[in-house]
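Enquirer: The lines below spell out each chain.
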Amino acid sequence: MKLTLQRYKWTGVLALVLMASLGTLQAKEAVLLAEDPLVEKRLVHISEELRCLVCQNESLASSRAELANDLREEVRKLIRQDKSDTQIKDYLVARYGDFVLYKPEVKPLTWVLWFGPFLLLALGVIGMALYLRQRQSTQTAQVSLSDDDRRKVQTLLKSGDAP
Amino acid sequence: MKKFLIPLAFFIGLLVFLAVGLNRNPQEIPSPLVGKPAPEFSLQTLDASAPPFGPQNMKGKVWMLNVWATWCVACREEHPVLVAFSKANQLPIVGLSYKEVQPQDEPSNRKFTPEEKLKLARERSESWLKRHGNPYVLSVMDLDGRVGIDYGVYGVPETYVIDKEGVIRYKRVGVVTPELLQTTILPLVQKLNAS
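As given, the protein sequences belong to chains H and P, one line each in that order.
To convert, note that position 48 of the first sequence is 47 in numbering that gives the first Met the number 0; the numbers rise steadily by one, no gaps.
To convert, note that position 195 of the second sequence is 194 in numbering that gives the first Met the number 0; the numbers rise steadily by one, no gaps.
Just chain H, with the same shape it has in the complex (with noise of 0.2 Å):
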C-alpha cells in the first residue's frame, strides 16, 4: 500500500513536471496574445460587440485585419488599467463614431433605427385592420338583395335542376 502510494506520488511529480514544461513552452508561443487569461476573456467578451471598421462585417473578435490587431491590443491594455466596459467602449466611440458599436446605443439619433420597424409593423396593423373592416362592410352591404334578386337566383337555381 505504501508502495504503491509513493509511485503515485512520483507519477504525480512527474506529470507536474511535464506540466509545467508544457505550458512554458506554450507561454512562448503565446505571449503577446495571452498573458493572462482573464484580461482575454473580458477582450473577446467586449471586442465581439465592437466593429472592425477596416472590413466593416466582422467584429473586433474574429477580424485579422492589422488595424483589429492594434485595437485589440489597446483594449487589452485599457482592460489592464481596470477600465469598466462602458468606458472601453466610449473611447473607442470618441475615436471611430457610433459605427464602432454592433449594437448602437439608444438615444435619440437612433431612436428611427431601434423603434422605426415597429412603428411600421404598428402602421401595417392599424392599416390592414382598417381595410378589413371597410372590406367587411362593402360586403355586407352587397349581400342584401331585394326581392326581385332572390325570384331571379329561385328561377335559375330550379332551372339548373333540369339541363
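Derived by calculation from the structure, the hints in this document are not laboratory data.
Among the hints, erroneous ones may be present.
[As the list claims (entries may be wrong)] Simulated pairs of lysine to aspartate or glutamate, EDC-like, Cα-Cα distance not exceeding 20 Å:
# : chain 1 : residue 1 : chain 2 : residue 2
1 : P       : 35        : P       : 164
2 : H       : 82        : H       : 47
3 : H       : 151       : P       : 149
4 : P       : 110       : H       : 69
5 : H       : 76        : P       : 164
Starting from the known structure of chain H, arrange chain P on it as the hints suggest.
Expert: The following block gives chain P in isolation, referenced to the frame of chain H:
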C-alpha cells in the same frame, strides 16, 4: 386607379431609399472628432536632426494633417494632387507617416527594435518622397499607429483640416481630389483663416 397609387408610392419610396443607400460610400463614416480638439502627440519627424513635433507647434495656424505611408496604394493617386496643392502655398501640410514598417517587413525570427524601425521608416519615406515629390512641411513618424488610433484612422490616406485653435474642422477618409480641394477644403480654409 387609386388602388394602384398607394403601392406605387410605396415602391417609389423604396426605390429612393435603395438608390441613396447604394450610392453612398460605406467607407465614409462621419468622424466624431470633427469639432473636437486635435489629439495631442509628440512624435519624431522624418528629419532626424529636428526636434519632436506636436499639434501644439501649429497653434495659430490653419493646417492640414495628411496620413500616408509608402505601402499605401491609394496614396500614390493622391500624392501628385497634394504636391501640386502645396506649391500654391495656401495651407501647410503636415504628413503623418502611419505604420511605415509593417509586421510582415520584419525578419521572421525577431522583431525590430524601435530604433531600427525608425531608421528603416525614415530611409523608405525619404526615398519615396524624393521620387514622388514632397508636399509636406514636415512628416511625423507614427511607427506603431498609436497616434493613428487617437485620430480614428482606419484607412490610409486620411486628411484632417485643423483650425487656429487646434480644433479639427474637417476629415476626409480616402483620396483628396482636386475637386474636393476646390469645392470643400479651400473655401473652408479661407473661412478659417478669416476668423
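Enquirer: May I ask which of the numbered hints given earlier this structure violates, with the numbers listed in increasing order?
Expert: Hints 3, 5 not satisfied by this model.
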